[in-house]
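K.L.:
For the record, the sequence lines run as chains A and B. Counting in the working numbering, the first sequence runs from 1 upward without gaps. Counting in the working numbering, the second sequence runs from 283 upward without gaps.
Be aware that a few hints might be false.
Stated by the list, open to error - No farther apart than 30 Å at their CA atoms in a straight line, the calculated lysine-lysine pairs in the DSBU-like style are these: (1) K383(B) <-> K177(A); (2) K383(B) <-> K161(A); (3) K397(B) <-> K339(B).
The hints are simulated quantities; they were obtained by calculation from the structure and are not laboratory data.
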Amino acid sequence: MTTLQNLMKEIKKLKPIPAVANQLLTVVDNPDSSMEDIANVIQYDPAITASVLKTCNSAFFGLKNPAESIKDAVNMLGTDQVIELVLLKSGAKALSGSQKGYGMEGGDMWKYSVSSAVIAKQVAVKLSLKNKNTIFTSALVKDIGKIILEVHVSDSSKKIKDLVENKGFSFGEAEKKVLGIDHAELGAMIAKMWKFSPRMIKIIRNHHLADEKMIKDKEIAAVYLADCICMMMGQGVGSDGLSYRFKAQAMKQLGFSANDVSMIIAEFGINMQEVEELLNIV
Amino acid sequence: MKQIVGVADMKVSNDPKESIITYSLGSCIGLVIFDPVARVGGMLHYMLPESSIDKGKAKQRPYMFADSGIPRLFKAAYKLGAVKQRMKIYAAGGAEILDQKGFFNIGKRNYMALKKMFFKNNVMINKQDVGGNVNRTVRIEIATGDIYVKTSGSKEVKI
Numbered sequence: 001m002t003t004l005q006n007l008m009k010e011i012k013k014l015k016p017i018p019a020v021a022n023q024l025l026t027v028v029d030n031p032d033s034s035m036e037d038i039a040n041v042i043q044y045d046p047a048i049t050a051s052v053l054k055t056c057n058s059a060f061f062g063l064k065n066p067a068e069s070i071k072d073a074v075n076m077l078g079t080d081q082v083i084e085l086v087l088l089k090s091g092a093k094a095l096s097g098s099q100k101g102y103g104m105e106g107g108d109m110w111k112y113s114v115s116s117a118v119i120a121k122q123v124a125v126k127l128s129l130k131n132k133n134t135i136f137t138s139a140l141v142k143d144i145g146k147i148i149l150e151v152h153v154s155d156s157s158k159k160i161k162d163l164v165e166n167k168g169f170s171f172g173e174a175e176k177k178v179l180g181i182d183h184a185e186l187g188a189m190i191a192k193m194w195k196f197s198p199r200m201i202k203i204i205r206n207h208h209l210a211d212e213k214m215i216k217d218k219e220i221a222a223v224y225l226a227d228c229i230c231m232m233m234g235q236g237v238g239s240d241g242l243s244y245r246f247k248a249q250a251m252k253q254l255g256f257s258a259n260d261v262s263m264i265i266a267e268f269g270i271n272m273q274e275v276e277e278l279l280n281i282v
Numbered sequence: 283m284k285q286i287v288g289v290a291d292m293k294v295s296n297d298p299k300e301s302i303i304t305y306s307l308g309s310c311i312g313l314v315i316f317d318p319v320a321r322v323g324g325m326l327h328y329m330l331p332e333s334s335i336d337k338g339k340a341k342q343r344p345y346m347f348a349d350s351g352i353p354r355l356f357k358a359a360y361k362l363g364a365v366k367q368r369m370k371i372y373a374a375g376g377a378e379i380l381d382q383k384g385f386f387n388i389g390k391r392n393y394m395a396l397k398k399m400f401f402k403n404n405v406m407i408n409k410q411d412v413g414g415n416v417n418r419t420v421r422i423e424i425a426t427g428d429i430y431v432k433t434s435g436s437k438e439v440k441i
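Whole structure, please, built from the sequences with the hints as guidance.
P.N.:
In structure tokens, the structure reads:
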């Protein structure tokens with residue numbers, strides 16, 4: 001078993017996701033916020049601002065005149081695009097390493113995370129859910145617990161593998177049984193220490209719906225569905241593969257038919273090129 | 283030279299120096315065909331069984347669906363001299379999430395779409411590695427027709 005204190009120590013060693021992401025989410029999910037409020041929050045972080053401007057001025061966006069401020073960028077590319085860039089850039093450093101314990105090479109987790117976020121947003125748009133940016137970001141960072149747990153998963157890989165392959169456990173259930181904690185719970189702990197909103201902490205903790213009561217929460221169900229679709233698509237998936245539980249009840253809760261799921265997959269198939277390009281520029 | 287087949291993508295080759303590879307198949311199917319006489323190989327990586335759910339997208343990305351992708355894979359191989367009767371066929375992928383039953387089981391539906399189409403057209407699958415809860419990366423060497431599969435976290439094996 002991994003002691004909680006040890007895990008806390010390891011969390012403290014991580015470089016947290018920049019505070020601007022949390023502040024930005026508070027502002028964007030408030031319907032009274034203006035474009036100016038949003039630009040002001042971003043400008044507060046000079047490193048992110050410089051990095052966002054650099055990306056905005058890259059060939060990918062093909063702007064006629066360079067954006068010289070976040071306000072310019074918002075005017076030229078639209079608020080949504082700039083918010084998404086800030087959120088992606090905030091998550092990039094923490095999520096782009098390799099997680100050998102999960103059989104993921106460098107870039108795999110980042111690919112999986114960005115794909116999940118893009119799919120979660122598609123689901124949120126289809127269902128007209130509010131808090132699209134919170135859903136996007138929660139899907140982006142939901143596996144953050146793997147960053148710490150991977151070493152422990154690696155140390156106990158035989159036991160975990162045996163439970164998954166021979167005893168009918170899901171990968172998360174096996175983590176919990178062997179290590180005393182699963183990556184979703186650990187992710188929520190990290191999110192709490194990094195002062196993410198209670199909403200995001202809740203979504204991260206429940207993104208595999210280990211607690212079935214959470215199915216009723218549409219934002220959680222949306223992130224859960226995005227994760228399932230991402231697993232099915234396989235991009236950036238590790239050795240835990242598709243060994244998580246599918247809950248048809250969540251589809252019912254969202255009012256999703258199998259055809260709706262197929263439509264989301266098809267749409268992602270079209271968007272994928274854009275995702276690849278985003279991965280390259282962020 | 284390595285030709286990479288992306289998601290919703292297809293490649294064929296008759297260059298003995300080449301191999302064709304597709305990464306990380308989950309519920310998608312990687313369909314590999316090879317004519318050992320003409321030494322023509324091809325690979326398709328499709329995501330969904332039927333294009334009828336969105337005709338527009340099928341037009342844009344025909345390799346996304348089994349029914350629009352599979353005939354195109356065969357036709358592209360015929361163009362390089364492959365002959366249907368000589369073709370060796372291998373299918374991989376079609377994995378599923380635990381408890382993913384019925385109509386939501388995209389992996390199984392992807393595999394069934396393949397079987398259905400092959401049955402109608404009198405084509406046999408020679409080898410396959412489908413289902414389960416793992417990701418697969420598949421590669422074929424055009425010079426020999428040897429096919430290799432790797433599940434994530436394990437070593438590549440020749441099949």
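K.L.:
State for each hint whether it applies.
P.N.:
Tested hints:
no., hint, result
1, K383(B) <-> K177(A), "holds (25 Å)"
2, K383(B) <-> K161(A), "holds (23 Å)"
3, K397(B) <-> K339(B), "holds (23 Å)"
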